[in-house]
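> Chain by chain, the residues:
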Amino acid sequence: MEHYHMNLTLKVWRQKNSHSEGKLETYQVKNISSEMSFLEMFDVLNEQLITEGKDPIAFDHDCREGICGMCSMYINGQAHGPWKQNTTCQLHMRAFKDGDTIVVEPWRSQAFPIVKDLVVNRSAFDRIIQAGGYISVNTGNAVDANAIPIDKKDADDAFMAAACIGCGACVATCKNGSAMLFVGAKVSQLALLPQGGPERESRVLNMVAQMDKEGFGNCTNTYACEAECPKGISVANIARLNSEYIKAGLSTEEK
Amino acid sequence: MNEVIDLQHLSLFLPNSYYNISIMTWKHFFTSSIGKKFLMAMTGIFLVLFLIVHAGINACIFLNDGGETFNKAAHFMSHNWIMRFLEIGLFAGFILHIIQGLSLTFQNKKARPVNYAFNQPGKNSNWYSRSMAILGTLLLLFLIMHLSHFYVGTKVALYGGDKPHNLYHEMQTIFSVNWIVALYLIGVASLFWHLYHGFQSAFQTLGIHHKRYTPIIMAAGTGYAIIICLLFALMPIAMYLGWIK
Numbered sequence: 001m002e003h004y005h006m007n008l009t010l011k012v013w014r015q016k017n018s019h020s021e022g023k024l025e026t027y028q029v030k031n032i033s034s035e036m037s038f039l040e041m042f043d044v045l046n047e048q049l050i051t052e053g054k055d056p057i058a059f060d061h062d063c064r065e066g067i068c069g070m071c072s073m074y075i076n077g078q079a080h081g082p083w084k085q086n087t088t089c090q091l092h093m094r095a096f097k098d099g100d101t102i103v104v105e106p107w108r109s110q111a112f113p114i115v116k117d118l119v120v121n122r123s124a125f126d127r128i129i130q131a132g133g134y135i136s137v138n139t140g141n142a143v144d145a146n147a148i149p150i151d152k153k154d155a156d157d158a159f160m161a162a163a164c165i166g167c168g169a170c171v172a173t174c175k176n177g178s179a180m181l182f183v184g185a186k187v188s189q190l191a192l193l194p195q196g197g198p199e200r201e202s203r204v205l206n207m208v209a210q211m212d213k214e215g216f217g218n219c220t221n222t223y224a225c226e227a228e229c230p231k232g233i234s235v236a237n238i239a240r241l242n243s244e245y246i247k248a249g250l251s252t253e254e255k
Numbered sequence: 256m257n258e259v260i261d262l263q264h265l266s267l268f269l270p271n272s273y274y275n276i277s278i279m280t281w282k283h284f285f286t287s288s289i290g291k292k293f294l295m296a297m298t299g300i301f302l303v304l305f306l307i308v309h310a311g312i313n314a315c316i317f318l319n320d321g322g323e324t325f326n327k328a329a330h331f332m333s334h335n336w337i338m339r340f341l342e343i344g345l346f347a348g349f350i351l352h353i354i355q356g357l358s359l360t361f362q363n364k365k366a367r368p369v370n371y372a373f374n375q376p377g378k379n380s381n382w383y384s385r386s387m388a389i390l391g392t393l394l395l396l397f398l399i400m401h402l403s404h405f406y407v408g409t410k411v412a413l414y415g416g417d418k419p420h421n422l423y424h425e426m427q428t429i430f431s432v433n434w435i436v437a438l439y440l441i442g443v444a445s446l447f448w449h450l451y452h453g454f455q456s457a458f459q460t461l462g463i464h465h466k467r468y469t470p471i472i473m474a475a476g477t478g479y480a481i482i483i484c485l486l487f488a489l490m491p492i493a494m495y496l497g498w499i500k
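Protein chains in written order, with the working numbering: chain E, 1 to 255; chain Z, 256 to 500.
Among these hints, one or two may not hold up.
Incomplete in silico selection of chain E near chain Z, CB under 7 Å [stated by the list, open to error]:
(1) G99
(2) V103
(3) Q210
(4) D212
(5) E214
(6) N218
(7) T222
Restricting the straight-line Cα-Cα distance to at most 20 Å, the calculated cross-link-like pairs of lysine to aspartate or glutamate (DMTMM-like) are [said to hold, decoys possible]:
(8) K231(E) / D154(E)
(9) K291(Z) / E2(E)
(10) K378(Z) / D100(E)
(11) K466(Z) / D151(E)
(12) K30(E) / E52(E)
(13) K466(Z) / D156(E)
(14) K255(E) / E214(E)
(15) K11(E) / E65(E)
(16) K364(Z) / E342(Z)
(17) K282(Z) / E254(E)
(18) K97(E) / E35(E)
(19) K282(Z) / D212(E)
(20) K282(Z) / E253(E)
(21) K11(E) / E52(E)
(22) K364(Z) / E214(E)
(23) K466(Z) / E35(E)
(24) K365(Z) / E199(E)
(25) K466(Z) / E199(E)
(26) K282(Z) / D144(E)
(27) K16(E) / D55(E)
(28) K84(E) / E35(E)
(29) K255(E) / E199(E)
(30) K97(E) / D43(E)
(31) K364(Z) / D212(E)
(32) K247(E) / D212(E)
(33) K30(E) / D43(E)
(34) K116(E) / D55(E)
(35) K231(E) / D157(E)
(36) K116(E) / D62(E)
(37) K116(E) / E25(E)
(38) K365(Z) / E214(E)
(39) K365(Z) / D212(E)
(40) K291(Z) / D212(E)
The hints are simulated quantities; they were obtained by calculation from the structure and are not laboratory data. A virtual CB, placed ideally from N, CA and C, is assigned to each residue, including glycine.
Just need the whole structure built from these sequences, with the hints factored in.
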């Protein structure tokens with residue numbers, strides 16, 4: 001692929017903290033390599049801001065390999081930018097051309113309050129996991145990995161659901177701020193496996209109750225989440241969440 | 256921490272509430288996000304079934320027999336006591352679907368209090384799937400007009416009318432006005448997009464997502480929306496243009 005350099009105009013959301021008003025600030029960056037990742041381009045901008053004695057832009061990042069789920073930028077009206085099944089850190093500048101204007105905003109959701117600039121607090125996801133994302137196991141020596149036979153299809157589906165990195169792009173994209181793709185993936189990866197059996201009903205009831213408590217919206221099946229998910233989590237997981245919840249909710253006496 | 260463990264040792268003698276088990280109630284179910292969506296899907300499918308009956312009976316006008324068959328069918332629907340009883344269920348279905356839809360919409364708006372300065376929803380979803388609330392509101396307005404045109408007149412005739420009610424004639428009168436025909440066509444267009452998304456969406460909400468069944472559901476939903484809406488659209492058009500007398 002051809003290597004080129006570009007000058008860009010960036011419009012970045014700046015917000016001091018969760019209580020203050022934020023606004024879009026315009027910045028110019030020059031001589032950006034097409035080989036850079038989007039976050040490297042932000043590093044260049046922050047170096048520039050520090051040299052000018054200004055406050056650098058706060059943004060979340062960790063592994064920069066597309067697997068940790070920390071990066072969370074809403075780029076040009078799309079979660080994680082224009083590329084499909086891709087995280088912000090794996091978005092490369094060759095997605096843009098010289099003279100482009102790029103708008104960068106944080107995830108917007110009632111349940112994800114802005115900490116600073118592009119950093120949002122996603123601990124609502126942690127509390128949903130805590131409500132039911134565990135299984136019962138016997139203590140003692142670690143058991144053999146393949147001691148329980150599992151159907152190949154179920155193992156594959158569970159693995160596909162477990163690919164969710166919890167970045168929150170689904171919530172950020174959904175016009176309803178719904179977390180059902182995330183919760184669907186987390187419920188599915190355990191509901192599909194025998195290991196998830198003991199807490200199968202209480203898990204889905206408690207995780208959905210926590211999801212509602214956190215103030216996430218309700219799915220209207222636009223499937224925007226699936227289209228923007230960096231890991232391609234299928235909306236089949238939302239259907240599974242629905243059927244697990246309906247079955248448990250209509251039959252269980254206690255949760 | 257130790258205190259908690261001690262309590263659990265005594266669990267045989269303690270009520271459930273000591274070890275974090277709570278009762279699942281109907282209120283929990285029907286006020287939860289998925290419980291509300293479940294109700295939306297069930298009432299939606301019920302209304303989908305109702306529209307088949309509605310379109311089927313109204314299609315009698317296309318026999319072009321001066322409304323004889325249609326008036327007979329309409330008379331049965333408004334006088335048979337089983338139909339009158341089912342009518343209560345129909346109203347309940349409409350009211351639940353409308354109230355629940357509005358409540359979900361307000362809740363969803365609250366979940367995203369600040370909108371993006373720049374957003375490209377067209378890159379990841381269809382406009383009609385994102386517009387169910389707007390389409391539904393248009394349908395509600397249409398429904399109010401539609402009931403005032405046909406339902407109220409039928410009831411007045413039923414309880415206080417001195418001469419037998421000619422619903423076919425009433426249809427002809429109403430559909431002779433061009434702007435009313437236009438409003439009906441807007442209503443039918445809203446109905447089409449609402450059904451086109453809503454039909455398959457209801458099954459997803461009920462937890463049906465299957466490699467073999469989902470394509471059938473999608474095809475059935477598309478066919479259903481086209482046939483029902485085409486039939487409904489042809490009624491005011493055919494009467495206005497005098498295709499049926």
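> Evaluate each hint against the coordinates.
Taking the hints in turn, this is what the structure says about them:
{"no.": "1", "hint": "G99", "in the structure": "17 Å, violated"}
{"no.": "2", "hint": "V103", "in the structure": "4 Å, holds"}
{"no.": "3", "hint": "Q210", "in the structure": "11 Å, violated"}
{"no.": "4", "hint": "D212", "in the structure": "5 Å, holds"}
{"no.": "5", "hint": "E214", "in the structure": "9 Å, violated"}
{"no.": "6", "hint": "N218", "in the structure": "5 Å, holds"}
{"no.": "7", "hint": "T222", "in the structure": "4 Å, holds"}
{"no.": "8", "hint": "K231(E) / D154(E)", "in the structure": "18 Å, holds"}
{"no.": "9", "hint": "K291(Z) / E2(E)", "in the structure": "53 Å, violated"}
{"no.": "10", "hint": "K378(Z) / D100(E)", "in the structure": "19 Å, holds"}
{"no.": "11", "hint": "K466(Z) / D151(E)", "in the structure": "17 Å, holds"}
{"no.": "12", "hint": "K30(E) / E52(E)", "in the structure": "15 Å, holds"}
{"no.": "13", "hint": "K466(Z) / D156(E)", "in the structure": "15 Å, holds"}
{"no.": "14", "hint": "K255(E) / E214(E)", "in the structure": "19 Å, holds"}
{"no.": "15", "hint": "K11(E) / E65(E)", "in the structure": "25 Å, violated"}
{"no.": "16", "hint": "K364(Z) / E342(Z)", "in the structure": "33 Å, violated"}
{"no.": "17", "hint": "K282(Z) / E254(E)", "in the structure": "13 Å, holds"}
{"no.": "18", "hint": "K97(E) / E35(E)", "in the structure": "12 Å, holds"}
{"no.": "19", "hint": "K282(Z) / D212(E)", "in the structure": "14 Å, holds"}
{"no.": "20", "hint": "K282(Z) / E253(E)", "in the structure": "13 Å, holds"}
{"no.": "21", "hint": "K11(E) / E52(E)", "in the structure": "18 Å, holds"}
{"no.": "22", "hint": "K364(Z) / E214(E)", "in the structure": "14 Å, holds"}
{"no.": "23", "hint": "K466(Z) / E35(E)", "in the structure": "40 Å, violated"}
{"no.": "24", "hint": "K365(Z) / E199(E)", "in the structure": "32 Å, violated"}
{"no.": "25", "hint": "K466(Z) / E199(E)", "in the structure": "27 Å, violated"}
{"no.": "26", "hint": "K282(Z) / D144(E)", "in the structure": "43 Å, violated"}
{"no.": "27", "hint": "K16(E) / D55(E)", "in the structure": "10 Å, holds"}
{"no.": "28", "hint": "K84(E) / E35(E)", "in the structure": "18 Å, holds"}
{"no.": "29", "hint": "K255(E) / E199(E)", "in the structure": "9 Å, holds"}
{"no.": "30", "hint": "K97(E) / D43(E)", "in the structure": "19 Å, holds"}
{"no.": "31", "hint": "K364(Z) / D212(E)", "in the structure": "14 Å, holds"}
{"no.": "32", "hint": "K247(E) / D212(E)", "in the structure": "18 Å, holds"}
{"no.": "33", "hint": "K30(E) / D43(E)", "in the structure": "13 Å, holds"}
{"no.": "34", "hint": "K116(E) / D55(E)", "in the structure": "11 Å, holds"}
{"no.": "35", "hint": "K231(E) / D157(E)", "in the structure": "13 Å, holds"}
{"no.": "36", "hint": "K116(E) / D62(E)", "in the structure": "17 Å, holds"}
{"no.": "37", "hint": "K116(E) / E25(E)", "in the structure": "14 Å, holds"}
{"no.": "38", "hint": "K365(Z) / E214(E)", "in the structure": "12 Å, holds"}
{"no.": "39", "hint": "K365(Z) / D212(E)", "in the structure": "12 Å, holds"}
{"no.": "40", "hint": "K291(Z) / D212(E)", "in the structure": "12 Å, holds"}
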